[in-house]
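Chemist: Using my numbering, the first residue of the sequence shown is number 3, and each one after it goes up by one.
Just so you know, the hints here were simulated from the structure itself, not pulled from any lab data.
Take the hints with a grain of salt, since some may be wrong.
To be verified - No farther apart than 27 Å at their CA atoms in a straight line, the calculated lysine-lysine pairs in the BS3-like style are these:
1. Lys486 <-> Lys463
2. Lys124 <-> Lys165
3. Lys196 <-> Lys137
4. Lys196 <-> Lys165
5. Lys486 <-> Lys444
6. Lys196 <-> Lys311
7. Lys137 <-> Lys165
8. Lys495 <-> Lys463
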Amino acid sequence: MSIQFAFQISLITSAVLSTCHSVDVAHADDSVPMVWHVANRPDGDGSRWYRFTFNANPAGQPCEMKLASAGTVSLHVNGQRIIRQQPMEVVDGQVAPLQLDISSLLRNGRNCIAIEVRTAEKTSALATTIQLESKAVTGEWRVSDAAPPVGWQQTDFNARDWKVDAGSTESGSASFQPGQASKVVVVVTAAAQKRSPFAFRDGDHIVLLGATFFERAQQFGHLESLLTAASPGLNLTFRNLGWDADTVFADSRGIFDSPETGYLRMIEHVRAEEPSVIIICYGQNEALNSRLSVEQFQVQLNRLLDDLKTTSAAIVLMTPHELLPAVRPIPDPSRFNDRILQFANAVQEVASQRALTFVDLFNDFTDQLNAVDGRLSLEHTSVSPDTAQHSDLLAMAASRWSENGMHFNARGYKVASVVARDRLLGISASGCQVQVDAVEQKISVTAGTVRNVVWNGSPNKLVTFELQESVVSPIPLDIQIAGKDLGMGWSGKVHSPSVAAAEVAPQVLIAASDDQLHLRAPVSWQYEQLNLTVARKNELYFHRWRPQNITYLFGFRKHEQGNNAVEIAQFDPFVRELESQIQQLKQPQWRRIEISRQ
Numbered sequence: 003m004s005i006q007f008a009f010q011i012s013l014i015t016s017a018v019l020s021t022c023h024s025v026d027v028a029h030a031d032d033s034v035p036m037v038w039h040v041a042n043r044p045d046g047d048g049s050r051w052y053r054f055t056f057n058a059n060p061a062g063q064p065c066e067m068k069l070a071s072a073g074t075v076s077l078h079v080n081g082q083r084i085i086r087q088q089p090m091e092v093v094d095g096q097v098a099p100l101q102l103d104i105s106s107l108l109r110n111g112r113n114c115i116a117i118e119v120r121t122a123e124k125t126s127a128l129a130t131t132i133q134l135e136s137k138a139v140t141g142e143w144r145v146s147d148a149a150p151p152v153g154w155q156q157t158d159f160n161a162r163d164w165k166v167d168a169g170s171t172e173s174g175s176a177s178f179q180p181g182q183a184s185k186v187v188v189v190v191t192a193a194a195q196k197r198s199p200f201a202f203r204d205g206d207h208i209v210l211l212g213a214t215f216f217e218r219a220q221q222f223g224h225l226e227s228l229l230t231a232a233s234p235g236l237n238l239t240f241r242n243l244g245w246d247a248d249t250v251f252a253d254s255r256g257i258f259d260s261p262e263t264g265y266l267r268m269i270e271h272v273r274a275e276e277p278s279v280i281i282i283c284y285g286q287n288e289a290l291n292s293r294l295s296v297e298q299f300q301v302q303l304n305r306l307l308d309d310l311k312t313t314s315a316a317i318v319l320m321t322p323h324e325l326l327p328a329v330r331p332i333p334d335p336s337r338f339n340d341r342i343l344q345f346a347n348a349v350q351e352v353a354s355q356r357a358l359t360f361v362d363l364f365n366d367f368t369d370q371l372n373a374v375d376g377r378l379s380l381e382h383t384s385v386s387p388d389t390a391q392h393s394d395l396l397a398m399a400a401s402r403w404s405e406n407g408m409h410f411n412a413r414g415y416k417v418a419s420v421v422a423r424d425r426l427l428g429i430s431a432s433g434c435q436v437q438v439d440a441v442e443q444k445i446s447v448t449a450g451t452v453r454n455v456v457w458n459g460s461p462n463k464l465v466t467f468e469l470q471e472s473v474v475s476p477i478p479l480d481i482q483i484a485g486k487d488l489g490m491g492w493s494g495k496v497h498s499p500s501v502a503a504a505e506v507a508p509q510v511l512i513a514a515s516d517d518q519l520h521l522r523a524p525v526s527w528q529y530e531q532l533n534l535t536v537a538r539k540n541e542l543y544f545h546r547w548r549p550q551n552i553t554y555l556f557g558f559r560k561h562e563q564g565n566n567a568v569e570i571a572q573f574d575p576f577v578r579e580l581e582s583q584i585q586q587l588k589q590p591q592w593r594r595i596e597i598s599r600q
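From just these sequences and the hints, can you work out the full model?
Modeler: Written as C-alpha cells, this is what we have:
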C-alpha cells in the first residue's frame with residue numbers, strides 16, 4: 003500500500019465532523035502552484051494558526067483545497083471543523099497532501115478557512131492551494147504564533163492583530179515536499195438524523211437554539227435539569243444558545259452588525275459546539291410580527307436547517323408555546339394565540355417534510371400546565387375554570403406561572419419543563435408513587451425501587467423502608483397507605499444521606515381516614531441541588547459565550563483591551579467541573595422512609 007493511500011484511509015477513520023468519503027476523481031489543476039507559509043520557531047514543538055478569508059459566489063461550482071504540512075493539522079471551513087489534529091506523515095521528505103472537496107460548505111459572500119498546524123520541528127510550514135472551478139482563489143492569509151482566543155476559527159473573528167502572510171511559491175526552509183494525493187476526500191453535507199422514538203444517547207452534546215423561552219430557561223434551570231435527570235445512566239451536556247426576542251432571522255444576534263451577520267455568527271457558533279442533538283424553538287416572535295408571513299418564516303426555518311446539516315446532529319423542532327391570559331390591567335397576550343398557532347403548524351409541517359422529531363408545546367398546553375401544577379403541589383390542588391364563563395379566574399390561575407402571560411416565572415418554568423419533558427421523552431408527570439398495604443404488609447412502587455423493608459419496628463412505627471426513585475425529579479413523592487386504625491395520628495419522614503436529620507421535614511398530609519392515609523413529600527433536596535448546579539453552570543457558560551464588553555474583547559475596540567479575550571476560555575474548566583457535579587447529582591439516591599405515629 004502506498005504512503006498516500008495509507009494516509010487517506012487514516013483520515014477517513016479519524017474524528018471528522020462531516021460525512022467524508024474518498025473518490026477517484028479528476029484533480030484540480032496541478033499547474034496551480036502551492037502557496038507556502040514558512041516560519042522559524044526557535045523553541046520548536048508548538049502550534050501556528052492560520053486564517054484565509056475570501057469572497058466567493060460558488061453557485062454549485064466545485065471547490066477543492068489541497069494542503070500539506072509536517073506535524074498534525076486541524077481544519078475548519080466556515081466554522082465547521084473537518085479535521086481534528088490529523089497527523090500528516092513525512093516519508094523520505096515527501097508528504098501525501100490532503101485534497102478536499104469543500105464545495106458543500108461554501109456560501110455566497112465571505113468565507114473563512116482556519117487551520118492549526120502543530121509540529122515538533124523548529125520550522126513550521128504549511129503548503130496550500132484553493133481552487134474554485136480550477137481557478138486559484140485569492141484572498142488574505144493571516145497568521146498567529148500566539149494561542150488565539152475563543153472563536154478564532156469563525157468567519158467574523160477580528161484578526162486585525164494577526165500578521166498578514168502573503169505566502170510564497172517557494173518552500174524555503176521547509177523540511178518536506180508535497181507528493182501526489184491519490185484520492186479526493188469529499189466533504190458531504192450530511193442529512194439530519196432522526197431518532198424514532200426520540201431518546202438521548204450516552205455522550206450527547208445538546209444545543210438549545212431559540213429565543214426568549216430558551217434564554218430565560220437557563221436562569222431557572224428546570225428545563226435542562228429535567229431533561230438530563232431523565233437519563234441518569236447517560237453522560238449528557240447542554241449548551242443554551244437562546245437569545246431574548248430572537249427569530250429565525252437572528253434579529254437579536256447582530257449586536258452592532260446586521261441580523262444577517264448575527265445569523266452567520268449563530269450558525270458558526272452552533273457548528274463550533276459540535277452538537278449531536280439540536281433542539282430548535284422559534285416562531286413566537288415571528289408570529290407577533292404582522293408584516294411577516296408564515297411562508298417567509300418557513301423559508302428561513304428551512305434555511306436554518308440546511309445550514310445546520312453539516313453538524314450531522316439529530317434535530318428536534320419545538321413549537322412556540324401558547325400565551326396565557328394576564329391579570330388586568332395587563333393586556334391579554336392570549337389574543338395572539340390564533341396567529342401563533344399558524345406558526346406552530348408551520349413548524350410541524352417543516353418537521354413532517356424533513357422527517358424530524360417534533361414537539362408540540364401549543365395544543366392543550368394550558369390544560370396540561372394546570373394538571374402538572376396540581377401534581378407538583380403538596381396540597382394536590384388544581385384549577386380548571388370554565389374559560390367561557392370565568393376568564394378572570396383563568397387569568398388568576400395563569401398568574402401562578404407568569405406575571406404577564408408571556409414569560410414564565412420559576413414555578414412556570416418548573417411546570418412547563420415537566421410538560422416539555424413529557425412531550426419530548428414520553429415521561430409523564432405522575433412521578434414516583436408508593437402504595438403501602440399495612441394489612442398484607444406489602445409495598446409496591448411505581449417509577450422506583452424499594453429495599454430493606456422493616457414492619458412494626460417499634461410500637462409507634464408502622465414501617466421503615468429505603469426507596470430509590472427512577473429519576474431525580476421536582477415531583478413530590480406520593481405515598482398512599484391502606485390499613486386499619488390509621489386516622490390522623492400517623493405521619494411520614496424522608497431521610498436523605500446527604501441531609502442532616504434535623505433538616506428532614508415531615509410529609510404533608512393530603513387525606514386521612516381509619517383505613518386510608520395519603521402523604522406527599524416536598525421536593526427532594528437532591529433535585530434542588532441539581533437545579534441550582536445547572537443554573538450556575540448556565541450562568542458561567544453565558545458569560546463565556548456572551549461576555550460583557552464583548553466589543554472590547556472581540557469587536558472593533560479589541561485593540562484597546564483585546565488581551566483580556568484570553569480569559570474567556572478560562573471559563574471552560576469551571577463549566578466542566580459543574581457538569582461533573584451535575585452527572586453525580588442526577589443519580590437517584592437511596593432514601594429512608596419512616597411511617598410512624600406522632
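Chemist: Can you list which hints this structure breaks, lowest number first?
Modeler: 3, 4
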